[in-house]
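2 protein chains.
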Amino acid sequence: MAAVAYLREPFDPGLHEALRRRLGDRLTTSAAICERHGQDESYHQPHAPDAVAFAQSTEEVADIVKLCARYKAPIIPFGTGTSLEGHVAALKGGVCIDVSQMNRVLRVGAEDLDVTVEAGVTRKQLNEYLRDTGLFFPIDPGADASLGGMAATRASGTNAVRYGTMRENVLSLTVVLADGRVIRTARRARKSAAGYDLTRLFVGSEGTLGVITELTLRLYGIPEAISAAVCAFPTIEAAVDTVILTIQSGVPVARIELLDDTQIDAINKYSKLDNKVAPTLFFEFHGTKAGVAEQVAIVKEIAGERGGSDFRWATTQEERNKLWQARHDAYYAALALRPGSQGWATDVCVPISRLAECIAETKRDLAQSPIPSALVGHVGDGNFHLVFMIDPKQPAEIAEASRLNERMVTRALAMEGTCTGEHGVGYGKMDFLPAEHGEAVEVMRMLKRALDPENLMNPGKIVRL
Amino acid sequence: MAAVAYLREPFDPGLHEALRRRLGDRLTTSAAICERHGQDESYHQPHAPDAVAFAQSTEEVADIVKLCARYKAPIIPFGTGTSLEGHVAALKGGVCIDVSQMNRVLRVGAEDLDVTVEAGVTRKQLNEYLRDTGLFFPIDPGADASLGGMAATRASGTNAVRYGTMRENVLSLTVVLADGRVIRTARRARKSAAGYDLTRLFVGSEGTLGVITELTLRLYGIPEAISAAVCAFPTIEAAVDTVILTIQSGVPVARIELLDDTQIDAINKYSKLDNKVAPTLFFEFHGTKAGVAEQVAIVKEIAGERGGSDFRWATTQEERNKLWQARHDAYYAALALRPGSQGWATDVCVPISRLAECIAETKRDLAQSPIPSALVGHVGDGNFHLVFMIDPKQPAEIAEASRLNERMVTRALAMEGTCTGEHGVGYGKMDFLPAEHGEAVEVMRMLKRALDPENLMNPGKIVRL
Chain G
183 MAAVAYLREP FDPGLHEALR RRLGDRLTTS AAICERHGQD ESYHQPHAPD AVAFAQSTEE
243 VADIVKLCAR YKAPIIPFGT GTSLEGHVAA LKGGVCIDVS QMNRVLRVGA EDLDVTVEAG
303 VTRKQLNEYL RDTGLFFPID PGADASLGGM AATRASGTNA VRYGTMRENV LSLTVVLADG
363 RVIRTARRAR KSAAGYDLTR LFVGSEGTLG VITELTLRLY GIPEAISAAV CAFPTIEAAV
423 DTVILTIQSG VPVARIELLD DTQIDAINKY SKLDNKVAPT LFFEFHGTKA GVAEQVAIVK
483 EIAGERGGSD FRWATTQEER NKLWQARHDA YYAALALRPG SQGWATDVCV PISRLAECIA
543 ETKRDLAQSP IPSALVGHVG DGNFHLVFMI DPKQPAEIAE ASRLNERMVT RALAMEGTCT
603 GEHGVGYGKM DFLPAEHGEA VEVMRMLKRA LDPENLMNPG KIVRL
Chain R
183 MAAVAYLREP FDPGLHEALR RRLGDRLTTS AAICERHGQD ESYHQPHAPD AVAFAQSTEE
243 VADIVKLCAR YKAPIIPFGT GTSLEGHVAA LKGGVCIDVS QMNRVLRVGA EDLDVTVEAG
303 VTRKQLNEYL RDTGLFFPID PGADASLGGM AATRASGTNA VRYGTMRENV LSLTVVLADG
363 RVIRTARRAR KSAAGYDLTR LFVGSEGTLG VITELTLRLY GIPEAISAAV CAFPTIEAAV
423 DTVILTIQSG VPVARIELLD DTQIDAINKY SKLDNKVAPT LFFEFHGTKA GVAEQVAIVK
483 EIAGERGGSD FRWATTQEER NKLWQARHDA YYAALALRPG SQGWATDVCV PISRLAECIA
543 ETKRDLAQSP IPSALVGHVG DGNFHLVFMI DPKQPAEIAE ASRLNERMVT RALAMEGTCT
603 GEHGVGYGKM DFLPAEHGEA VEVMRMLKRA LDPENLMNPG KIVRL
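Residue numbers (my numbering), protein chains in the order written: chain G, 183 to 647; chain R, 183 to 647.
Next up, chain G with everything else stripped away, as it sits in the complex (with noise of 0.2 Å):
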């Protein structure tokens, strides 16, 4: 992608002294820093924010929005920096809010099965924090992505074909608006129909219409018995004719994932596994010892009749953590395969009576190009991802690898499916949203004018305005 060039205002120093006032330290212009913050783990373009402040409360938060308001300077939020479409440059410069020291579990309903927490905790810290209660939180995107972060771009994961992703699991955000106000979406009760959807409104919104700073989450026991499995098929298309008929079978499947035989290839070498070179899936089973049982007797079933070899099993915590952690490994163990190369990831989603075929064509592009690539994806939900291992010196390799992705994403939507599953619109997928979403693209646009007047709040991602 051509490098684009953005307006961007001086920073104010009437902001910068205010903001200094207020926050101290914790304000910082520091090239360094400021760099690191303007950056995902994308390939897009960063584009470092004027100043970075490290908020430590919601009302830090909110006073920070209000001076900035003031001054007419965008905000973004920031959590670790690990999305996938550049949701944290600072197209427009202005102050990045880094929640990361806002990092306290507020408290553990165990008998609710909810949680509250403050928006720079981490998934893995969450469930650290939850290891003696037996229950644990189960959305996990492959980086250990803070749980705002996660909640403003609509993460999902591997556990999301039975658990849901961050919509279906976050039950009420405080948020901090375009004017400073802060409002709580909704209570602790399990559902309401209490006036329009406030939480599923900002969940996905990537801070283009408020900063997260709080999140009630819903948690779940953890299961009496877990069994964990990877079984290797002789084509790509077997492994994903096995996905679909464990879904239309019913058998509530934990997790199912695929990896191709370079992203099989990629781990191994990364985590010294010894996996066979083939199309792959990783299954995990969740139940009772008796469910898990007939569910993994369902599921072989179906394997065994596509060609699928033994299930090798892993059975202690210990074997398991090594193969999800291998998994979700996968983004580095692909860019491990060429050296000194940058990862392009992105996905695309599609109903799963079409997966079988959207992933052969895609596949079929991939032979065709010379770069080189590795799919994985949480096959169970239709949802797949690529990731192309680029010279990013190389300009004719990022417009290749463009190109594909555009094939991909054209195709998706032909098939009724979706432009991102999970990494979220940021700047790289904004153009492909008039395709997917028609007229409905202009209501985007209302509440987004509606909400943030003065289009300060994470500007240039999502919509055009």
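These are computed hints drawn from the structure, not numbers from a lab. Just so you know, these numbers come straight off a predicted model, no measurement behind them. A couple of the hints might just be wrong.
Intra- or inter-copy, both count: the list cannot distinguish identical chains.
Think about it this way: if two alpha-carbon atoms lie no more than 20 Å apart in a straight line, the pair counts; the simulated EDC-like pairs of lysine to aspartate or glutamate are [said to hold, decoys possible]:
| hint | residue 1 | residue 2 |
| --- | --- | --- |
| 1 | Lys471 | Glu406 |
| 2 | Lys471 | Glu483 |
| 3 | Lys248 | Glu624 |
Using the hints, position chain R against chain G.
Using the frame of chain G, we list chain R on its own:
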């Protein structure tokens, strides 16, 4: 509640003529038909629209909305008129758009476990249509409501504890906006991170942001095994404790419904049953045969420890239908306890850890009141309902029901609950929204003004402007 006078403009003869030209006989100003369309199943004062338009397609709805927008006439969508908070009352007159003739199932995606329907299809009609597919749609409010209306009010019902509410089960909507433009809120992918969640914005918006004309819904495979049972308890606390323990233990119970002694007496008489007159739980378990047996064993143990009597099983489809029909008829059964009475129905939802306390305090209020009432609840969600059997000619009874309702809502809010778990806001619960949502009500107003600047879409509902 005292009768409130609403300002209404006279019906414009130009609009009348234009609508007649477009719809012919399917536009009526018949007083009887208008009156029926201004009244739902609640105690709320009816308000007839000036005209009723029977639409047959999305395009017709769009044309009607455009004409109403041109003449600045209010628009009230209407499905089956079974709402419970005055949702269909034409407070400011205008045109009721009745979608009951839009009752086609447009496609069944058996492979993707989804279906697309017109807004007038009712839940029973859909399940009848699906009968031979092995699939079903689980959301079941008491009435045989239209699916458009169910989405508009974010309905749920007895299966929500396992399958979620309309919030979780609508994949995509076709919506006519206030200016007559038609949008589709999402594609058919199971998950998406492509922009603001317009689907969830319209689910629960009660016709105040647009008219829902088509829906794509999730379907589920009919489980291999289904068992339903009835279990009586010595006290309501023992029954509620059984619910709480069941949910906390992670049993994936499909239905768990509480009926108090009055309600059991009512359904015994109304549906000619012989249940023991005592606080009672109705259960249903879905799964494989072994899975259901496991669930039953756990729940029986929990119930037994709390004095639950033997489970009375409904094993055949016919027995189960009878059991659940009785549950669905609870409202009508309660009214039949006091011939000539009118129902005043209300619901709240609280975190499950507070459910026993909330029900106990509410029952104490009811015991001290002269008005007969019955309590039923989707208690697995923390949601319960009251119906007062009032004589609508007695203002003192209306005032007393209103007082009890307000006490219950205030109690639920103090327990971090919501003023309505599933009935919605309509114009009956508008005044509780500021107490529940605080400053967030202003965000709801911003959304309403952005999408409906002339306040023509079901005006006077959800938020006061």
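Point to revise | Violated constraints from the hint list, given by number and in increasing order | key: Violated hints: none at all, because every hint is consistent with the structure.
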